[in-house]
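Asks: Sequence:
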Amino acid sequence: MLDIYIGNLPDRARIDELRELLDEVVGPQPTGSIFGGILPRVGKKRPSDFVRFTLVADAPAGQGRYCRVSGQSRVIAKRMIAQLSGVGLHGQVLEVRPFYPRDISNDRRRAGWHFRLWLGVERRIGERRAEP
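Take the sequence shown: its position 112, counted from the start at 1, is 613 in the working numbering, and no numbers get skipped.
Treat the hints as calculated values from the structure; they're not laboratory data. Keep in mind it's a predicted model, so treat the numbers as computed, not measured. Among the hints, erroneous ones may be present.
[Stated by the list, open to error] Straight-line distance between alpha carbons at most 20 angstroms, and here's what the computed EDC-like set of lysine to aspartate or glutamate pairs gives:
# : residue 1 : residue 2
1 : K579      : D504
2 : K579      : E521
3 : K579      : D550
4 : K579      : E596
5 : K579      : E525
6 : K579      : D524
Work the whole structure out from these sequences, hints included.
Replies: Structure below.
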């Protein structure tokens with residue numbers, strides 16, 4: 502499984518808008534396709550029916566910071582990333598890439614963090630420690 506990170510969200514972005522955007526871009530899939538191999542082969546299902554959306558927001562403002570989409574296979578996730586790259590929502594182009602969870606080895610709250618090199622995948626793009 503590969504989770505998807507959707508960043509650069511507009512302030513007023515909601516999960517139902519992200520679901521609709523995913524359904525528009527990817528399009529409906531027959532239930533016997535790769536999205537729904539175990540479901541009955543009757544009608545069509547939306548791609549958003551097979552994934553879980555988690556909107557991470559700033560606590561004080563309640564504005565969306567990023568969205569994590571999970572619940573699909575690696576092949577489907579890569580296809581979704583390719584289809585969603587460059588797509589906009591409320592006039593902002595979304596940043597879509599694989600989601601890499603924060604690792605204890607690259608956490609800034611760790612003692613002496615500024616003396617250590619990154620040991621895993623960099624999820625903070627553009628940080629000074631990202632370059633060797």
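Asks: Has the given pair, K579 with E525, been kept, meaning a C-alpha gap of at most 20 angstroms?
Replies: Measuring from Cα to Cα gives roughly 17 angstroms; hence the hint holds.
Asks: Just to be careful, I want the Cα atoms of K579 and D504 compared with a cutoff of 20 angstroms; is the pair within it?
Replies: With Cα atoms ~10 angstroms apart, K579 and D504 stay inside 20 angstroms; holds.
Asks: Starting from K579, check that the Cα of E521 is at most 20 angstroms away, please.
Replies: 19 angstroms, holds
Asks: Given the hinted pair K579 and E596, is their alpha-carbon gap at most 20 angstroms?
Replies: 14 angstroms, holds
Asks: Keeping to a limit of 20 angstroms between CA atoms, is the pair of K579 and D524 held or broken?
Replies: 16 angstroms, holds
Asks: Given the hinted pair K579 and D550, is their alpha-carbon gap at most 20 angstroms?
Replies: Status holds; Cα separation ~17 angstroms.
Figure legend: structure checked against the earlier numbered hints; every hint is met.
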